[in-house]
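The chain contents come next:
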Amino acid sequence: MTLLTRLVFTAERWKKAVKLFLVLAGPGLIVMIADNDAGGITTYAATGAQFGNNLNWFLVLLLPVAYFVQEMTARLGAVTKHGHAEAIFSSFGVFWGWFSLLDLVMTDWLTQITEFSGMTSALSIFGIPRAITVLGVLILMSAIILSGKYWTWEKITLLFCALNLIYVPLAIWVHPDPHALLAGFKPNIPGGFNNNFFFFIMANIGTTIAPWMIFFQQSATVDKGLQEKDLRWAKMDTFIGSILTVVTAIVIVIVTGTLLYGQPINDAAQAAGEISKTNRLWGAFMAIGLFDAGLLGALCISLASSWAWGEVFGFAHSLNRKVKDAPWFYVVYLLLLAGAGMVVLIPNAPLVLITLFVQVIAVTLLPSALVFLLLLLNDRQIVGKFKNTRAQNIIVGFIIIAIVIMSTLYAVSAIFPDWFADNGPAIPFFVSLFASVAFYCAIGIVAAIIVLFAAVKSARTAAAPVLAAINAGFDWLRKFALVLLWPVGKLLGFVFWPVGWLAKQVGLRRKIEDISKRYRIPAIKMTGAVKFSLLILRLYLLSLVGLLVFKFVLTLTGK
Amino acid sequence: MTKENAKNGSIRKTWRLKDILGIKVLRNGRKIGRLDDFIFAEGGPIPHITDVLVHRSFGNPQLVVPIDRVVDLGKNGLELSLDQIESFAMPHLREGTLLVKDFIIFKKVIDMEDREVSMVFDVTILQVNRKFYISEVDFGRRSLYRRLGLLWLADILSIKEDFVSWSYVQPLPESIGSFKGDLKLKALKEQIEDMPPVDIADIIEELDASHREAVLSQLDVEDASDTLEEIDPNVQREILSTMDVATAARLIGLMTPAQAADVVSVLPYDDKQKIIARLDPDLREKISAIMDQQEEFIFNYATDRFILLPADTKVGYVEDGYAKIAKGKDVAMYVYVEGSAGEVIGVVDIREILLADESAALRDIMTESVVSLGPNDTLKDAYDLFHRYGFRAVPILDEAKKCLGAIVYKDVMGLKHHFVA
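Sequences listed follow chains A and B, in order. First residue of the first sequence? That's 1 in the working numbering, and the numbers climb one at a time after it. First residue of the second sequence? That's 560 in the working numbering, and the numbers climb one at a time after it.
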């Protein structure tokens with residue numbers, strides 16, 4: 001082969017690879033860029049204003065965090081051809097299924113409210129009234145979704161993803177100080193390790209991995225129809241996406257770090273407003289970026305919920321179906337969307353409270369979603385040869401523990417702001433930190449002892465009554481939860497009844513796939529590790545409930 | 560680039576893949592998508608196309624349409640007869656499906672010694688009525704220049720089109736995919752001329768008619784002549800009937816009289832006369848003699864260059880002097896043993912001589928019952944004899960057992976046509 005031929009050969013191979021990538025890319029890019037939603041932009045804008053470019057090094061660390069978690073969802077989706085909600089139902093049973101589904105839909109819906117709030121406040125900088133924004137967004141989103149093609153949705157969404165990169169030229173345009181910029185990539189702790197710093201670290205991690213992302217990417221991978229052989233490309237898709245998400249984050253930090261360093265910024269829209277005072281065009285860029293981020297977030301998050309509902313109830317749930325063929329899928333999507341839009345229009349809606357609530361609820365869901373992901377990808381029966389390698393398990397295990405601790409502390413800080421406040425701490429930060437760590441260690445030790453007891457044959461008889469008591473306790477809890485859920489179910493039925501009636505009148509049948517004919521993900525193999533993880537999850541949830549009750553009591557007693 | 564030769568209303572066209580990819584795909588004259596790729600299957604001398612892959616716009620699933628649905632392939636596009644588009648929609652191709660553009664184009668071409676020769680730039684799709692084949696591979700330098708947009712340079716350097724028949728390509732590797740797998744050749748292209756004529760003949764027999772001539776014309780005249788005589792009679796007839804008379808006469812002129820007669824006899828009367836008229840007069844005479852008599856006498860095929868030695872000759876003498884004794888002989892693998900009256904009393908295979916004790920006489924080791932033909936035996940008798948015993952040569956003995964000549968297996972059994980019918 002001559003040198004010339006070799007050159008042409010290499011070039012053609014690359015061309016082909018890029019073409020193929022463009023065809024197969026999508027879910028990873030979208031989920032990663034939509035990850036920088038309105039809430040994310042706010043976090044980064046605030047981080048930049050607070051610390052300048054000093055936290056850039058930390059944002060780079062978020063790249064592997066995002067990649068390793070999301071890569072697993074793509075693998076699980078491509079191999080099982082089923083979404084995450086369904087996987088949890090099939091593999092971990094009804095309790096965890098319902099818990100995840102309801103929690104997901106609730107988180108998603110509340111997050112959507114924050115997206116709408118971001119979009120409305122972004123456009124209000126241009127003087128557009130909220131109602132018009134909400135209406136326009138609703139029409140736009142319906143139009144995108146109703147084409148009956150996953151392809152169309154994906155391409156349009158990718159366009160909005162490209163628009164999200166508007167911050168890159170903006171960051172160059174504002175002429176950041178190159179020295180400060182580069183210095184920011186060297187690990188450093190600006191202003192020392194204090195509560196405020198810790199709060200921002202938590203916030204940034206918290207926005208990097210959200211529960212909806214796990215559900216979304218797996219469902220999108222399934223809906224796109226990716227196969228095992230496409231996994232190489234799906235991984236690259238996710239990897240490039242995670243680079244873009246970190247680049248966007250850093251770029252926003254650069255913008256606010258250059259223009260608003262030292263100013264108190266709590267909100268991206270506020271940041272845009274402040275920047276407008278310096279240069280109207282820059283402010284406009286910032287606002288457009290925020291609007292686009294909110295739009296992307298809303299586009300994806302509603303879909304995550306719709307897909308999850310469809311997977312669990314077995315009604316047709318694909319963007320490739322026409323509205324006529326998958327009415328419930330689209331109805332759920334639009335109802336959630338419209339509902340969130342309406343809430344924003346309510347005057348004096350408690351948006352701050354909602355944001356807080358999102359964090360709390362997300363943090364109840366995140367650990368279970370992550371742990372289930374890890375467990376599913378270790379079950380040979382479910383993923384076969386696409387099982388996690390040991391290295392992946394170690395990396396992901398470490399990431400999951402870090403995310404869970406950080407986001408839990410973030411949620412705790414949201415519930416008890418005094419604990420992490422810089423001034424006037426009710427409980428000093430380090431006390432709370434050590435308390436949290438000690439708390440989890442204690443849970444771990446107790447759980448380990450229980451599992452060890454259960455594992456040793458001779459000790460089994462001795463531990464039997466204890467285990468029985470624990471099981472009975474959980475049974476009782478489960479029944480209690482079901483009793484609690486009953487009115488919720490009735491309420492939902494009541495709310496959805498007119499929709500069903502209407503659908504029936506218009507002749508839209510509820511299309512249910514024949515579940516018995518479909519491949520079902522097998523139940524997970526109950527190994528010691530799985531039992532242990534489930535136990536930890538239960539204890540974790542109990543402790544969160546305990547914290548909330550504690551907060552409730554504190555509020556009631558007026559302290 | 561389209562070559563077209565319609566014969567008796569049949570369609571025979573060749574297409575360069577690059578020229579037809581991306582053309583419109585029509586259904587009842589209305590565009591439904593674009594031609595994205597062909598699906599093919601191996602088996603048979605050259606791969607045949609089984610389906611067409613139609614790319615549709617706006618994320619509609621691709622169509623996989625069986626090739627027999629193709630109504631027409633032309634400049635306007637590819638017309639398909641489909642009643643329902645939906646039933647051909649296939650979001651994912653079957654496992655193990657072979658794609659022409661995706662799997663073949665821009666793959667490395669490697670030769671038998673795993674050296675990288677070039678890369679595939681294009682392939683030729685051959686249409687015979689409603690069947691489609693991959694007939695040729697293009698890995699020439701001209702296409703390299705075309706790819707680089709330097710076709711003018713190729714013109715200046717007078718680099719010619721360079722297609723190689725698919726028959727030179729080994730079966731594709733199991734693991735072939737979009738990026739994996741190379742095209743391996745059965746030989747190096749420049750080595751094709753060095754291949755034994757029999758092997759080339761095998762390849763040519765498997766080729767499509769339009770490519771046989773192409774391959775033959777790549778060979779020099781002598782090789783072409785050798786190759787032609789090795790080809791199956793039916794194929795010979797086809798090749799000669801499409802070849803122009805001058806070329807045919809030149810090729811035949813290089814053959815021995817027996818071979819020439821053999822080849823000429825398969826031709827229809829008119830062609831036969833035309834070709835014979837152009838041959839060298841001496842050869843012409845011999846050919847007509849052979850052709851006239853071949854039904855009757857084997858004698859025309861006999862050679863007098865065989866080894867005949869007295870029965871008392873020592874084995875050691877034959878062994879030592881074999882090179883001298885066998886020099887110029889047509890039948891060197893047998894030593895016929897002569898009695899005192901000059902009659903043949905036995906035969907010894909040269910292998911037996913090599914194995915025997917040096918001091919033994921031929922008489923001691925010879926086989927006494929000599930399978931032979933008579934001067935009045937026909938070609939048919941010779942054929943039967945060879946067929947039955949598998950000897951490589953048989954002597955012709957008269958009534959007194961005197962040896963008149965010997966018949967070489969190849970000279971009789973090579974003349975397939977007489978007994979084919």
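Simulated from the structure, these hints should not be mistaken for lab results. Heads up, some of the hints might be wrong.
Stated by the list, open to error - Calculated Cβ distances over 12 Å to all of chain B for the following chain A residues:
(1) D177
(2) G225
(3) T555
Stated by the list, open to error - For lysine-lysine, the following DSS-like pairs were computed, each having C-alpha atoms within a straight-line distance of at most 27 Å:
(4) K667(B) - K634(B)
(5) K743(B) - K15(A)
(6) K16(A) - K667(B)
Beta carbons: idealized from backbone N, C-alpha and C, even for Gly.
Hint by hint, here is what the structure shows:
no.	hint	verdict
1	D177	holds, 45 Å
2	G225	violated, 5 Å
3	T555	holds, 52 Å
4	K667(B) - K634(B)	violated, 30 Å
5	K743(B) - K15(A)	holds, 23 Å
6	K16(A) - K667(B)	holds, 14 Å
Violated hints, listed in ascending order, are 2 and 4; each of the other numbered hints is respected by the structure.
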